[in-house]
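A.B. asks: Which chain is which? The protein sequence lines are A and B, in order. For what it's worth, our numbering labels the leading residue of the first sequence as 22, then goes sequentially. For what it's worth, our numbering labels the leading residue of the second sequence as 193, then goes sequentially.
Don't take every hint at face value.
[What the hints assert, rightly or not] If you want a taste of the chain B side facing chain A, the calculated C-beta under 7 Å gives, among others:
id, residue
1, SER258
2, LEU310
3, LYS330
4, LEU357
5, ASP358
Everything labelled a hint here was simulated from the structure, so no lab data went into it. Each residue gets a CB set at the ideal place from its N, CA and C atoms; glycine is no exception.
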Amino acid sequence: MTERRNKQINESDVDAWMRAHLDDGDLLAIGGLFKQGRPTALVREVIRAQRKALDVVSSPGSGFDVDLLIAAGCVATTYCPAVTLEDRMCPAFRGAVETGQIRAHCVDALSVVGGYLASANGVPFQPVVAWKGSDVPKNNPLVAMITCPFSGEDLFATRAIQPKVALIHAQEGDRFGNLRHLSTMTYADQLIARASNYVIASVDRIVSPEDILARPRETSIPGIYVDAVVELPYGAHPSGSFPNYSIDEHFIENYATLAEAARKGDSAGLEGYLSKTVTGCGTLAEYIDQIGQESLNALEAEAQSL
Amino acid sequence: MSNYSKQELQAVILARDLKDGEMGAAGAAAAIPMAAILLARQMQAPNLMIAGEMFVNPNPTQIWPSMLDDRALGACEAAETFLELFGHSHRGLDFFFHNGLQIDARGNINLHYVGGSLHAPKMRGPGAANISYAGTSKRFYICPTVHSKRNFVERVDFITSPGFLDGPESFAKSGLKGGPSLCVTPLAVLDFDASTLRMRLKSVHEGISVDQVVDNTGFDLVIPTDVPVTAPPTNQELRLLREKVDTKGYLRDL
Chain A
22 MTERRNKQIN
32 ESDVDAWMRA
42 HLDDGDLLAI
52 GGLFKQGRPT
62 ALVREVIRAQ
72 RKALDVVSSP
82 GSGFDVDLLI
92 AAGCVATTYC
102 PAVTLEDRMC
112 PAFRGAVETG
122 QIRAHCVDAL
132 SVVGGYLASA
142 NGVPFQPVVA
152 WKGSDVPKNN
162 PLVAMITCPF
172 SGEDLFATRA
182 IQPKVALIHA
192 QEGDRFGNLR
202 HLSTMTYADQ
212 LIARASNYVI
222 ASVDRIVSPE
232 DILARPRETS
242 IPGIYVDAVV
252 ELPYGAHPSG
262 SFPNYSIDEH
272 FIENYATLAE
282 AARKGDSAGL
292 EGYLSKTVTG
302 CGTLAEYIDQ
312 IGQESLNALE
322 AEAQSL
Chain B
193 MSNYSKQELQ
203 AVILARDLKD
213 GEMGAAGAAA
223 AIPMAAILLA
233 RQMQAPNLMI
243 AGEMFVNPNP
253 TQIWPSMLDD
263 RALGACEAAE
273 TFLELFGHSH
283 RGLDFFFHNG
293 LQIDARGNIN
303 LHYVGGSLHA
313 PKMRGPGAAN
323 ISYAGTSKRF
333 YICPTVHSKR
343 NFVERVDFIT
353 SPGFLDGPES
363 FAKSGLKGGP
373 SLCVTPLAVL
383 DFDASTLRMR
393 LKSVHEGISV
403 DQVVDNTGFD
413 LVIPTDVPVT
423 APPTNQELRL
433 LREKVDTKGY
443 LRDL
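Next up, chain B with everything else stripped away, as it sits in the complex (with noise of 0.2 Å):
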C-alpha cells in the first residue's frame, strides 16, 4: 500500500520532466498538468515559465477541478484574452498536456468521436478548445487518468490534436516537428521507439506488473527485455505538492 495516490504519482513523474527556464501551458480540466508545472517550479525549475492561452504565470493557492477560471488564474502575472492565441500559438511553447476519449500506439489524441462518423457518431465526445500548440510545440504530454484497452486503440477513429500520425513517413510529410514525448498514465510510463514511433513501456509504476500494462493497453506495445520500475514520489516530492500545490489535496481525493 503507497502513501500517495496514482494522481500524485503522475503529477511528480511530469513534474521531474519540466525544465528550468522552459515555457509551457495546460489546458481544460487540467488537475494533474497544471499540479505539475507547479511542483517543478517548486524544485528545480523556479524559471519555468506557464503561458496559457490569455494568461501568463498564474499563481493558484490550491488544484481545482478546472484550471481555467478565476478560482485557479485570479493571480496570475498578466491577464490578456483570446487575442494571444495567435501570438501564442505562432511562437509555440516547449511543452503542454493531452488527454484524449481514444489515445493511440503513435500518440494521436481523439476527443472528437468513437464509432461511426464525425456527423453520425456513435459517441460524440467534447472536442477541443486548442489544437494550434501541437503544430508549433517542442514536445507535449499524455496523461490520461484511466488506462484500458477502450481508451488505448491501434489507431483512433479522428485526429483531433496529431502524435507521430502513421509513423515516421506520414510525420515528416506533415511538417510537424514536435510529437508527443511522454505519456503517463494510473499504471505506467511509457516513452516512443524512436524507429518505428510507436509507444514503448518505460516503466510500471510500484504495485503494478508489465503483464497488467499490457492487459489494459489495445495495441502491442514496445517491450523492452528489462522494464524498470517507477520511481515512487520522494518525500521531498510529496511534501512540496501537498504543502505548496495541491493544498487541498484534490489530487489526493480524486
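Excised from the complex, chain A in its bound form (with noise of 0.2 Å):
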C-alpha cells in the first residue's frame, strides 16, 4: 500500500523546487498585499536562484518584496498596478522603470483580480464595466473592447492570468498542502493560487491533518491548489503575519534609503545589504540572526497587543 503524497518539503530543499518549476522570463505571482502576507523568503529563494527576466504579478499593491527583485536584476516586466510602500515610493522599481530596465505595465486592480478569476475558472477573459475616463485601460495589454453577445453593450475584457509559480504566504498549514490563514486579510491569496500553475507556500507553523480535519470552513486555500508547502518561521518578514508577527516598519525603510541611494548612483548600501539579507543567507536561521531576534519579539507583541 502506498502512502498519500507529503507536499511539505524542508528549507533545504526550496531550492531545487524553485530551480525545477521557475525558468527565467516565467510569470511569478506573489500573494499578500503591500506590508502583509508577503511570502518574502521565498521571493529571497527566487534571487539567490539567480532567476532572471521575471515577469512577475501580484496582487493590487506590492512594495518591498517586488522592489527586492528589481534591485536583484530578476525583473523584466511588471504587472502590478500599485508598487508602493505607502509613506515613500519604490526606490529600485521607479529607477529601473525610468532608465528603461524594466516595463512597468499600466494595469489596475480589476484587470489583476479579474485575471486570476478568469484564469481560476478556465475562462479566457472576465468582463468588466467600470472604466470610464481612466487613461489605464487603454494603455493596459491585458485588455480589449468586446460586444455583449446578450445586449450588443460595448464592455471591457480582461486577459486572464496565469503564472507559471505563485509564492503565498499563510500562517498555518499541513504537510498535504492545506493552508490556514489566521490573518483577518487573505486579499487575493485564494485567487492567485486557484490561477497558477504551481504554488509553493510558506508557513509560519505545520500543523496535524487532524487539526485541519477539526476546522474546515478555516482552510483559506485547499491543498488541491498547493504543490509544496515548507515551514518557515517569520518567512514574511519584514512584512507582517498576524497574528504572530507585525510589519517591520523599520527594516522596510532601511532597505529604502539604500536603494534610494543606489538609484542616485550610490549603490554601495544596497550591495552590502543584498550580500548580508539575501544572497549571504543561505537558511532561515541566518537571516533570523541578522534581524535579532529581540527586534523579532518587538513584532510579535505589537501583532499581539492589536
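Mind assembling these two chains? They're in different frames, but the hints should get you there.
C.D. replies: Structure representation (C-alpha cells):
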C-alpha cells in the first residue's frame, strides 16, 4: 500500500523546487498585499536561484519584495497595479522604469483580480464594466473591448492571468498542502493559488492534518491547489504575518534609504544589504541572526497588542 | 499659532462633509481619509458604512501609516477577499478619496508618471491599485498632504483616475456621473465651478492668505470675491478625533 503524497518540503529543498519549477522569463505571482502576508523568504529564494527576466504579478498592491526582486536584477516586466511603500515610493522600481531596465505595465486592480478570476475558472477573459475616463485601460495590455453577446453593448474584457509559479504565505498549513490564514485579510491569495500552474507556500507553523480536519471552514486554500509547503517561521518578514508578527517598518525604511541612494548612483549600501540579508543568508536561521531575535520579539508583541 | 495640525484640520473638514447612512471607502496610505470617516461616525454619521475592496466596517483603535493591513483591519465586521472588488465596484459607493502625484484644474488624478511617456517617464510614480470607483461612485474627495505648483498643475500628464476630464463637454461624453466634490489641502478648501468645472477656492485655512494659495497653485483658480476662512476644528471635533480616532497622535506628528 502506498501512502498519500507528502507535499511538505524542507527549507533546504526549496532551492531545488524553485529551480525545477521557475525558469527565466516565467510569470511569477506573489501573494499578500503591500506590507502583509508577503512570502518574502520565498522571494529571497528566487533571487538566490538567480532567475532573470521574470514577469511579476501580485495582488493589486506591492512594495518591498517586488522592489527587492528588481534591485537584484531578476525582473523584466511588472503587471503590478501599485508598487509603493505607501509612505514613500519604491526606489528600485522607480529607477528601473525611468532608465528603461524594466517595463512596468499600466494595469489596475480589476484587471489583475479579473485576470486571476478568469484563469481560476478556466475562461479566457473576465468582462469588466467599471472603467470610464481613465487612461489606464487604454494603455493596459491585458484589456480589450468586446461586445456583449446578449445586449450588444460595448464592454471591456480583461485577459486571464495564469502565473507559472505562485508564492504564498499563510500562518498555518499541513503536510498535504492545506493552508489556513489566521490573518483577517487574505487579499487575493485564494484567487492567485487557483489561477497558477504551481504553488509553493511558506507557513509560520505546520499543523497536523487532524487539526485541519477539525476546522475545515478555516482552510483558506485547499491542498489541491498547493504543490509544496515549507515551514518557515518569520517567512513573511519584514511584512506582517498577523496575528503572529507585525510589520517591520524600520527594516523596510532602512532598505528604502539604501535603494534610494543606489537610484541616485551610490549602490554600495544596497549591494552590502543584498549580500548580507539575501545572497549571504542561505538559511532562515542566518537571516534571523541578521535581523536579531529581539526585534522579532517586538514585532510579535505588537501583533499581540492589536 | 493653532492648537491643531494641518492633517488634523484636513480630517475634520472631510469628516464634516460625510453624511449619515452613506457608504464609502479609503484606499492605501489613507491616514487622513480613514480618520475623517471614523470621526464622522463619532459625530453626525453613526450609520456611515465603510466598504473597502475586501472588508466592511473596520474598527481600528488608532491611525496607521497604511490602513489596508491587519493593524487597521484586524477587527472588522466582515473580512472578504479581492473577489468583492467586482461587487463593490459595480454597485458603486457614495464617496471615496484620492491623492496624486499631479492634480489638475479639473480634478483629474495622475499617479503614473510625470514628464516623458508611460514607458519612458522622467519620473515614474507608484500607479494606482484601484481606479474602478471613479466610474461608479457618486463623488470623491482629493486630499493631498502637499499643495504646491509641482502637484497642482493645469493638466495632468496621464489620467490615472478621472476628474472632470477636459471640462463639461468631455465629462458628459465620457458617461461618468460622479466626479470630484472637494479638494482639501494643507492650505485651503477648493470646490468646482459649476459652469466650467474648474477648481474654485472655497475657503482658506486660518493664517493662510488667498495670495499664498494662488502662488502655490500651478493653474488659474476661480477666485470668488469673498473667500472665507475655513472654520477651525471645534473643541468637540478635536477631542473626539484625538480620544476616539487618532489615539496615538499620528496626524499630529506628521
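A.B. asks: Each hint: holds or not?
C.D. replies: To see whether the hints hold, each was checked on the structure:
{"no.": "1", "hint": "SER258", "result": "holds, 5 Å"}
{"no.": "2", "hint": "LEU310", "result": "holds, 6 Å"}
{"no.": "3", "hint": "LYS330", "result": "violated, 14 Å"}
{"no.": "4", "hint": "LEU357", "result": "holds, 6 Å"}
{"no.": "5", "hint": "ASP358", "result": "violated, 10 Å"}
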